[in-house]
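Top to bottom, those sequences are chains E and A. Mapping of the first sequence onto my numbering: residues 1096 to 1286, in sequence order. Mapping of the second sequence onto my numbering: residues 1096 to 1286, in sequence order.
There's no promise every hint is true.
Copies of the same chain look alike in the list, so a pair counts if it fits in one copy or across any two.
What the hints assert, rightly or not - Using 16 angstroms as the maximum straight-line C-alpha spacing, the simulated EDC-like pairs for lysine to aspartate or glutamate come out as follows:
1. K1210 x E1128
2. K1140 x D1172
3. K1210 x D1243
4. K1245 x E1128
5. K1229 x E1188
Derived from the structure by calculation, the hints contain no laboratory data.
Number of protein chains: 2
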Amino acid sequence: MINYPNKKKIAKKNISHANLGMTLEKDIDLTNEYYLLENIAVIHKKPTPVQVVDVSYPARNKAKITEAYYKTPSTTDYNGIYKGKYIDFDAKETNSATSMPLSNIHPHQVEHLRKISNAGGIGFLIVHFKKHNKYFLLPSRVLFQFWDNKETLRKSIPYQAFLEFAYEIKFSLNPRLDYLKIVDLLIDNNI
Amino acid sequence: MINYPNKKKIAKKNISHANLGMTLEKDIDLTNEYYLLENIAVIHKKPTPVQVVDVSYPARNKAKITEAYYKTPSTTDYNGIYKGKYIDFDAKETNSATSMPLSNIHPHQVEHLRKISNAGGIGFLIVHFKKHNKYFLLPSRVLFQFWDNKETLRKSIPYQAFLEFAYEIKFSLNPRLDYLKIVDLLIDNNI
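Isolated chain E (complex conformation):
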C-alpha cells in the first residue's frame, strides 16, 4: 500500500502525537479509580485546559463549542489527598532509552512543584520509559537538581539516574501502577 501524503494523513499524525502518553494516562486513571473505590486516596486528573473562542447554541441547554484551542497547563495534571497529605504529580512518557529530555516538562510545572514542596506537599513525576517498559516515580527534589543545572550540565535526566535516584513502580493488574506504595516510602523516610 502506498501512502500518499494528504490532509487526512497529516491530521492522523498530529492526533497520534497528541495522544502520546494516552496509555500511561489511562493506567494512572484506572489506578486512581481503584484508590477511590477502596477508600485509599482521592486523586483526580485535572481536565485539559481549553481556551474557548466561539460557542453556538443549536439547542437549548447544550452549548456547542465551535472554536477552541488547547492551552498550556499552569500546574501539573494530577492532585489529591492521601493519608491526610496533599499529593501532586505529572505523568511523562519518553521514547528515548537513555534519558528523559527536560523539554518534556513545562517550566511552570517545575515552579508549581517547587511551591508544593515548600508548602509541605508531596510532589513527583511518574515517568514511563517505553523502550524499557519501566515506570518510575521521580521525587520532585531529584527533578529540581537536574532542572537547576540544565543550562550548565545536561538537558535531560539520564536513565541511569532513574535507576539510582527514582523508584520503580511495578505494573500489575489492579491497581495498574501502585505509585502510593512508593509515596508510603517517601513519607516513612521523610524524603
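With chain E fixed as given, assemble chain A onto it according to the hints.
Showing chain A alone in chain E's frame:
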C-alpha cells in the same frame, strides 16, 4: 425598544446564564493569586471539563477544536494546599434572598466533598448571596446535613442557616475574599 425573540437573543441569554458566577469566580481567582504570590497557599481552579469531538489542524502545532461540549464536573472546582492541609471547595452564587437551592450543587460534588472529609481534607462551599451582597464559607458538614434531609425536609439551605452555621467572608481589596482566615478558624477549632 422591542425585543424580538431571535437566535441571537437566545444565545445571549444562554451565555449570561453560563457566566453566572463569573464575578465570584474572578474574585476567588484574584484571592488565590494573592495567596500564591505571598506564599500563603497553593490553590488553583481546575479547568472546565470539555468533551472534544472534533479537531482540525489548520497549521502545524496548533490544533483547532471545532466541536466540543461542556461536561459536568466530577469534582469541585478548586483545590490545593494550605498549612500542609488539603483544601477543596466549590463556589456558588444565588439570586435568592432567602435560601440557596440545593439544585445548585451536583450530587457528585457532594459525594466528592464527603470523600475529602473522610480522607481528612478540609472541604467547603463559598456562597455568594447576591441580593444581600454577602459571602459565606459553608463547612461541608453543614452542607451534608441539609443534603441528607433534602427529600424529607427542604430542598434548599435557608439564608438564616448561613447566618447561624456558616462564616461570613468579608469582601476587601486585596485579598478580595480572604477565606483562609475562616479556614484558620476551622483548623483551630477542629471543625
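- Unmet hints by their number, sorted upward, for this structure: 4
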